[in-house]
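**Student:** Take the sequences, apply the hints, and build the full model.
Heads up: the protein sequence lines correspond to chains A and B, in order.
Read the first sequence against my numbering and you will find it ends at 115, with the numbers running on by one and no gaps.
Read the second sequence against my numbering and you will find it ends at 1112, with the numbers running on by one and no gaps.
Incorrect hints may appear among the rest.
As the list claims (entries may be wrong) - Here are some chain B residues the structure puts well away from chain A; computed CB gaps all over 12 Å:
| id | residue |
| --- | --- |
| 1 | GLN1006 |
| 2 | GLY1016 |
| 3 | THR1026 |
| 4 | PRO1044 |
| 5 | ALA1070 |
| 6 | HIS1072 |
| 7 | ASP1084 |
| 8 | SER1085 |
| 9 | ASP1104 |
| 10 | GLY1105 |
| 11 | LYS1111 |
Claimed, not checked - DEER-style ranges, computed between Cβ atoms:
| id | chain 1 | residue 1 | chain 2 | residue 2 | range |
| --- | --- | --- | --- | --- | --- |
| 12 | A | GLN100 | B | ASN1067 | 20 to 26 Å |
| 13 | A | THR76 | B | LEU1011 | 33 to 39 Å |
| 14 | B | LYS1068 | A | LYS71 | 18 to 24 Å |
| 15 | B | ILE1053 | A | SER113 | 41 to 47 Å |
| 16 | A | SER66 | B | PRO1079 | 46 to 52 Å |
| 17 | B | THR1107 | A | SER27 | 31 to 37 Å |
FYI, nobody ran anything at the bench for these hints, they're computed from the structure.
Beta carbons: idealized from backbone N, C-alpha and C, even for Gly.
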Amino acid sequence: DTGVSQNPRHKITKRGQNVTFRCDPISEHNRLYWYRQTLGQGPEFLTYFQNEAQLEKSRLLSDRFSAERPKGSFSTLEIQRTEQGDSAMYLCASSLGSGQNQPQHFGDGTRLSIL
Amino acid sequence: DQQVKQNSPSLSVQEGRISILNCDYTNSMFDYFLWYKKYPAEGPTFLISISSIKDKNEDGRFTVFLNKSAKHLSLHIVPSQPGDSAVYFCAASWTNAGKSTFGDGTTLTVKP
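**Tutor:** This is how it looks when you write it as structure tokens:
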């Protein structure tokens, strides 16, 4: 059973550096989501794609954040000029977007620590 | 403005008894509700869902109840098992919205 895969699992970097995370969704899923989770809170929506089109971005997603999903398969989330407040767990999820409600399937996340 | 609220940060029950986890929402547009379970160092795992056209959905030991007039849903686990110990997240969305809005979770501890 190939689930959602996220790499790396952990990333430690200095403030001001750029970081990039990768997400490989379940192969037949056409929707891909990025969420951010901090301690004691639930996942917060950042952005989502249907195939290669980025359909919605949260206002949490500042100009320093950019996400891509070329060819509608894997996705990358880049954070430029990282800040202390970017420290969090970044979760990727995928689902079938078929017009009917479908649950999202999550990866195990990338934990980002900013020194 | 938190649209999905789980007011109990933690819950402790004895093995074999019922666990009831609660969730309240404010957005009347929500028509699809989900529960996820999360173990440490893992991502959330989908548990059970319910559409707003129903008031109950059952899957084995897990039952979700929806009260639309009260904007309230609950997850019942019967009987509770030690392996059920995890953080449970309530989530809500509406048809074709894409994203889900999550509560902050309830940590369930099932004691042997």
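**Student:** For every hint, state whether the structure bears it out.
**Tutor:** Outcome of the hint check:
1. GLN1006: violated, 8 Å
2. GLY1016: Per Cβ check, GLY1016 of chain B is outside 12 Å of chain A; nearest 28 Å; holds.
3. THR1026: holds, 15 Å
4. PRO1044: PRO1044 of chain B is in fact no farther than 12 Å from some Cβ atom of chain A, at 5 Å.
5. ALA1070: It holds; ALA1070 of chain B is separated from chain A by about 21 Å at its closest Cβ, greater than 12 Å.
6. HIS1072: holds, 17 Å
7. ASP1084: Given a closest Cβ separation of 19 Å, the condition holds.
8. SER1085: holds, 18 Å
9. ASP1104: violated, 5 Å
10. GLY1105: violated, 6 Å
11. LYS1111: It holds; LYS1111 of chain B is separated from chain A by about 23 Å at its closest Cβ, greater than 12 Å.
12. A:GLN100 / B:ASN1067: 20 to 26 Å: Between GLN100 of chain A and ASN1067 of chain B, where Cβ atoms are some 23 Å apart, the hint holds.
13. A:THR76 / B:LEU1011: 33 to 39 Å: Hint holds: Cβ distance 38 Å, inside 33 to 39 Å.
14. B:LYS1068 / A:LYS71: 18 to 24 Å: With Cβ atoms ~41 Å apart, the hint is violated.
15. B:ILE1053 / A:SER113: 41 to 47 Å: holds, 44 Å
16. A:SER66 / B:PRO1079: 46 to 52 Å: Holds, since SER66 of chain A and PRO1079 of chain B (Cβ atoms, about 48 Å apart) stay within the stated range.
17. B:THR1107 / A:SER27: 31 to 37 Å: holds, 33 Å
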